[in-house]
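A.B. asks: As you go down the protein sequences, you meet chains A and B in turn.
Its first residue numbered 24, the first sequence is counted upward by one per residue in the working numbering.
Its first residue numbered 97, the second sequence is counted upward by one per residue in the working numbering.
Each hint should be verified, as a subset may be incorrect.
Per the computed footprint, the stretches of chain B lying under chain A, defined by three or more beta-carbons under 8 Å from a beta-carbon of chain A, are [claimed, not checked]:
1) 111-124
2) 299-312
3) 331-341
4) 348-356
Calculated from the structure, these hints are not laboratory results.
All residues carry an ideal CB built from backbone N, CA and C; glycine is no exception.
Spelled out from the first residue to the last, the chains are:
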Amino acid sequence: MKNPLTPLKRKRGSRRLYQSRLNREQSPTKMTAIPVISVLAASLVATFPIITSQPFLPPLGLMVLLAWRMMRPGIWPMWAGLPFGLFDDMFNGQPFGSSALIWSLAMIAMEMADSWAIWRDYWQDWLIAGAIIIVSILAGLWFVSLAYTAPGATVLLPQIVISILLFPLVVRLCAKLDSWRLAT
Amino acid sequence: MAPPSNRRSGFSRKAQYGLFATYVIAVGGALLAALLLIISIVDPTGFSALKTSGNEITAPVARFFNSIRRSVNDMGGNMSAYFDAASKNADLNREVEANRQKLNDAAALKVENDRLRKLLGLVRETSEGGVVARLISTSATSSRSLATLSEGSTKGVISGQPIRGPEGLVGRTINVGPTTASVLLVTDADNVVPVMRAEDGLPAFSSGLANGTVVIRPINLGVNPFKKGDIIVTSGNGGLYPPNVPFAMVLEKSDVGAIARPFADPARTPYVVTMPIFQPKVLEAEAKSEENGDEAP
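Chain A with its partners taken away, still in its complex shape (with noise of 0.2 Å):
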């Protein structure tokens, strides 16, 4: 039965109308597939007409893999750098299986980083997330430097310092995602 004094304001359609309004379950679509999506659409941020001669764009999908994956440890297998890797290594130019291996490898050291240090607090999780991106982004390099000549290590400077001052951006970016993919 309605209740009239309390006129609820209720979202349009016929299928929120008869739907109970308590003990609701959020869709586990929405829920699995929020942080895959957003992890691939950071890849592709990389084909966007930003065109520079320098790199200075930062490694947007590991960074959004890395807050996921320090948000919600068990979000995803420890192998799930592999697939991730493999998508964004068709769209950043480097040698392929660069960023499949260095993203396997970060998967693996949060691992590790886990069972050192369970109780972490904010600033930790940044520094191991910068500690991560640094080696990421020289060993992307050191990759490069073995396929083709390489530029000197100087010139990564910029992506670095822009990608870890970022890095609280894009955990609250997820963090945003992650209230709607658990919003009923």
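Assemble the complex: chain A is given as a structure, and chain B must be docked to it using the hints.
C.D. replies: Here is chain B on its own, set in the frame of chain A:
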């Protein structure tokens, strides 16, 4: 944050095995990735089909955003052009007069040049009309300098073609797909361009520094003849890049040669045009001699 429950396997045998399997798969995945990486380092063109298809899929989105970016970029220039139109008009008229004189000289030089070329027996195999295209994205996360061209093999772009913009040389095509092509920019450390100083033809090589500049190394080491403001053009050696394409201006001397900035900044180059490979026969001969195990001349 507390550790998730799925990592505390407890006494359940099944959970213990499950956790162990995750570790094995993760390490195996990393090894697989390392194997792929080794393959792609040994044979850099091996996975190019995959990358080309990636470019092909994302090209429509990149084209759309690119048109927005260009119109926003042009807005400032268009507005400021209104303010000093009159004085600019007078300047331009003067410039046209001066340029007409130079054009006549250039036409005469061209005729003479062709005549001398015929005397030497050099034949330039030029097919008129390159493909006009746009750069729609670059590999801004990687330390490589690659760009994506908005046209591909359906318009006749082939691998290895030099690409130039209105200001100067941009790079050369590498992987070519049906409607896109990857361009190795001149600022990539792997792209070596034979160049010369415009005023006296001093031969040199250029290679990229991946930060928007290139380093010019003279072939005759020892003295460092460059000075700030020198104009560098391509020399046509090697047979890939045609000669006398504007290339770069020297910013400063360095201990091996000079640091120079290419005239064509990919960010400010709305359209580029593909050029024919200067002397394909020279390149073919070189490739053949490399196959036979000889030293390239």
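A.B. asks: Would you mind marking each hint as holding or not holding in the structure?
C.D. replies: Do the hints match the structure? See the list:
Only residues whose C-beta sits within less than 8 Å of a C-beta in chain A count toward coverage, and the region 111-124 of chain B has 6 of them, enough to reach three; the restraint holds. Only residues whose beta carbon comes within less than 8 Å of a beta carbon in chain A count, and the region 299-312 of chain B has 6; three or more means the coverage holds. Remark: the region 331-341 of chain B is not confirmed as covered by chain A, as 0 of its residues place a Cβ nearer than 8 Å to a Cβ of that chain, below the required three. Check on the region 348-356 of chain B: 0 of its residues sit with their Cβ under 8 Å from a Cβ of chain A, so the three-residue criterion for coverage is violated.
The structure is inconsistent with the numbered hints 3 and 4, although it conforms to all the rest.
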